[in-house]
Structures are given as structure tokens and as C-alpha cells.
Amino acid sequence: MEKPKTINEFAQLLNEQGKSYFREISALMHEAQPEVIETLFVSQPYFYLPKYETQKFHYRPSVMLAFFKDHLNIFAAANEKYEPLLTDYKFTEKHTMQIYFDQPLNREILVSIFKESLHPKEKE
Amino acid sequence: MIIKLNESHRESILNYLYKDASYNIFPIGDIETFGFNQDFQRVYAEISESGQYLSMFLRYRENAIYYADQLRFNLDYLTIFEQDSFEFISGKTELMALVQPHLKDFEQKHMYFCEAHTLNANHESSVEIQKLKTKEEAERLYDLLCMIGEFGYHKRNREDFVNQKTSDQTMGMTWFIDVDGVMATTAATTAETTINAMVIAVATHPDYRHKGYASMILSEIMRTYVNEKKKHLCLFYNNPEAGKIYHRLGFKTIGTWDMFNRKNS
Numbered sequence: 001m002e003k004p005k006t007i008n009e010f011a012q013l014l015n016e017q018g019k020s021y022f023r024e025i026s027a028l029m030h031e032a033q034p035e036v037i038e039t040l041f042v043s044q045p046y047f048y049l050p051k052y053e054t055q056k057f058h059y060r061p062s063v064m065l066a067f068f069k070d071h072l073n074i075f076a077a078a079n080e081k082y083e084p085l086l087t088d089y090k091f092t093e094k095h096t097m098q099i100y101f102d103q104p105l106n107r108e109i110l111v112s113i114f115k116e117s118l119h120p121k122e123k124e
Numbered sequence: 001m002i003i004k005l006n007e008s009h010r011e012s013i014l015n016y017l018y019k020d021a022s023y024n025i026f027p028i029g030d031i032e033t034f035g036f037n038q039d040f041q042r043v044y045a046e047i048s049e050s051g052q053y054l055s056m057f058l059r060y061r062e063n064a065i066y067y068a069d070q071l072r073f074n075l076d077y078l079t080i081f082e083q084d085s086f087e088f089i090s091g092k093t094e095l096m097a098l099v100q101p102h103l104k105d106f107e108q109k110h111m112y113f114c115e116a117h118t119l120n121a122n123h124e125s126s127v128e129i130q131k132l133k134t135k136e137e138a139e140r141l142y143d144l145l146c147m148i149g150e151f152g153y154h155k156r157n158r159e160d161f162v163n164q165k166t167s168d169q170t171m172g173m174t175w176f177i178d179v180d181g182v183m184a185t186t187a188a189t190t191a192e193t194t195i196n197a198m199v200i201a202v203a204t205h206p207d208y209r210h211k212g213y214a215s216m217i218l219s220e221i222m223r224t225y226v227n228e229k230k231k232h233l234c235l236f237y238n239n240p241e242a243g244k245i246y247h248r249l250g251f252k253t254i255g256t257w258d259m260f261n262r263k264n265s
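Each protein sequence line maps, in turn, to chains W and A. Per our numbering, the first sequence starts with residue 1, numbered consecutively. Per our numbering, the second sequence starts with residue 1, numbered consecutively.
Hints are computed from structural coordinates only; laboratory data are not their basis. All C-beta atoms in this analysis are idealised placements derived from N, C-alpha and C, irrespective of residue type, glycine included.
Subject to a maximum C-alpha distance of 30 angstroms in a straight line, what follows is the list of computed BS3-like cross-link-like pairs (lysine-lysine):
1. W:Lys90 - A:Lys263
2. W:Lys121 - A:Lys155
3. W:Lys69 - A:Lys244
4. W:Lys81 - A:Lys263
5. A:Lys211 - W:Lys19
6. W:Lys94 - W:Lys121
7. A:Lys133 - W:Lys5
8. A:Lys104 - W:Lys81
9. A:Lys211 - A:Lys133
10. A:Lys244 - A:Lys230
11. W:Lys94 - A:Lys109
12. W:Lys94 - A:Lys263
Computed beta-carbon distance windows for the label pairs:
13. W:Glu53 - A:Lys252: 50 to 60 angstroms
14. W:Thr87 - A:Ala201: 22 to 32 angstroms
15. W:Thr87 - A:Asn239: 19 to 29 angstroms
16. W:Gln17 - A:Gln130: 28 to 38 angstroms
17. W:Leu105 - A:Asp39: 44 to 54 angstroms
18. W:Lys3 - A:Ile47: 54 to 64 angstroms
19. A:Lys19 - W:Ile109: 46 to 56 angstroms
20. W:Thr6 - A:Gln38: 42 to 52 angstroms
21. A:Val127 - W:Arg107: 34 to 44 angstroms
22. A:Glu107 - W:Lys51: 25 to 35 angstroms
23. A:Lys19 - W:Lys51: 47 to 57 angstroms
Now the stretches of chain W that chain A is said to cover, found in silico as 3 or more residues with beta-carbon under 8 angstroms:
24. 38-49
25. 82-94
Only chain W is shown next, with the shape it has when bound in the complex:
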């Protein structure tokens, strides 16, 4: 299977539901942090701020998404904090958020999660 080389190529490979959720989540990510950079990591969307560009990859504040045919996973450091408020979504024991494509997005809380994960308070 051909790997996407850009975020646009990645989006084109998603099914219609996936495309719709990706567009919405990407917009929320920009609402949370307008300067956010979108790129690919393990052929999936990966978001971070330019100010952390020089930080070692695995220590860099970031949000990673992983898309599947009926749901997406959100890997974000602030998931754990907001997990009790998002009872409609499934969380794994590693605090990965799973949103199925028939679930509405809780935009307000997602923006808070993205904002805090991309720019943690202790880094200010």
C-alpha cells in the first residue's frame, strides 16, 4: 500500500466519514493554536507548534491522530485530565481517546485538550 507523503494525500485516502472528521478536527486544532503545524508521523496526522520544533521528537508537546474505517484515536497529553468530562467517548487505559464516526464532536472540550497538549502550562 502506497504511503501518503503529505497531509493532503493522507486526507484523500480517508473514507467520506473520515474526511469529514479530519476536516473538523483539523479546524479545532487551528482554533486551539492558530500557529499549529500539520504533518505526518507513522503516516497519520501529527500536530505541534513551531516553538517546539527543536525539541526532541518524543518529548515535544504534540497531538497525534490515527484514523480507522469507523473511528479515530486521539493521542494527547491532556486527554487524561478531561476524560471524566467526556463520558460518551471511549478511552483506553493509556488515555487514548476513541471517537466513532457516529458520535458528535464535543468541540469546546476538544479545543481545550488541543490547546493544553500543544502548549502545556509548565512550558510557558
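On the provided structure of chain W, position chain A as indicated by the hints.
Showing chain A alone in chain W's frame:
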């Protein structure tokens, strides 16, 4: 008295650990493979006045394992915990209950400990089961594990993972099933000793679940180890759905195991 062990203790400490070989698969494998002269591994033991082992504490990279053949935890180990700190520590549930009060800022994970001596159901594979050999395959494995929410691989270093998977196959192997060019399912073995091995990292891509791939790959691992190598297999699980698969194949739950990881590690 607690002492740091060296090569002269190899036979005696292994004899002590082999009395409970399934539970001690990790320290046995680590000592047999890496011994006492590697900078990433240290072995400590509590010894009675008559020279008998009473307990053992092994440090391997960022991991630690505590074991005693009786319910005991010598508080002198706390000095070693401070001086030789770790990110993860695990052991039998009943022993870790003695250690837990001394662990600060650690998260607990409770798991079932299973063992297989025979293969019950022989799942004939309708797809090719491959052994991981190349760097490209290890990279694809990393990509798969990163995407799966139950794992936390995206915070692990990709290069280290790939190097480890391709260079060090002395303690275990990795298998995978490719479907339409996608790595759909994987499972690996590690800590292989002279009598057993541990099954780890059983994972299926969410889009390829409920097709029997995990059973096929586990059957292949059981054929290799139980039927051909005449070794037992052990594994941990805490997902009840996964537990059903393991039990159907021939694994039996023999106890519980607790793992503690430092928060934010």
C-alpha cells in the same frame, strides 16, 4: 543482608528463580542472556545468615522486578530503590502488595498471568504468517503499534525500536500477518529461557479485528514453542476479550501480576 550479585552467583540465583520458573521468566531470561556485566542490568539479592536466597531485585534498563519465594519485603531495598531508580516495577500481586506502600507517584496495572503447556485448538491459517526480519518490517510494526490506542508506542523512539527488533532476536521473535499490504496483526515472544518464553505485544489493526488473525498468529507461536521447541509459553493480559482467545488456545490463568509505572513516564 542485601548484596549486588556477580557472575559467581549465576548458578545459585538461577536455581532459586527456577523453582518458580513461570513467574520468574523475565529475571531468568535477563540473567541467562545478559549476565552480570552489562551496564544496563544489575541484580540484587537478600541472603540469610546461612547463605540462602530470600528475595531478589533485578534492574534491567528502566525496568525492575521484585521476587521472593515467601511473603516478604526487606525495607533495606528502599535504599537501592532510591539509588538505582526505575520507571517500571512489577511482580506477583501478593509480593507487590508489600512493595506498593513504598512507591510514590506510580500507577498500578493489574494483570492476569497465563501459561500454556499444550495447544488446544489448532487454528489453520488461511493467510501467510511471516517472521519479522527486515528493517522495513520493523518500521511498519512500529507504525502499527503507534496507531493502536491500547499501546503507548508513539512516545517511544522509533530508531531504538527498529534497531532492537532487527538486531536482538536472541530472546524472542516477532510474527505478523500482512493483508492487502497492511500489517494487520502481530505478536512477539521475549525473555526466552531454556524452558519457556513470554508472549507480548499481541495487536491487531482495528480495521482487521474479528477475523481470527490473532488466533492464527498465536497458534503459530504455540506450534513453534510448545510443539517444536518443547517450551512453555507465558503471557499477561487484562483485556477479557483477549483472555477468551488465550484460554481457547490452551492458556490457563495461574495467578495475577501487578505492574507499576511512574506517572508521566
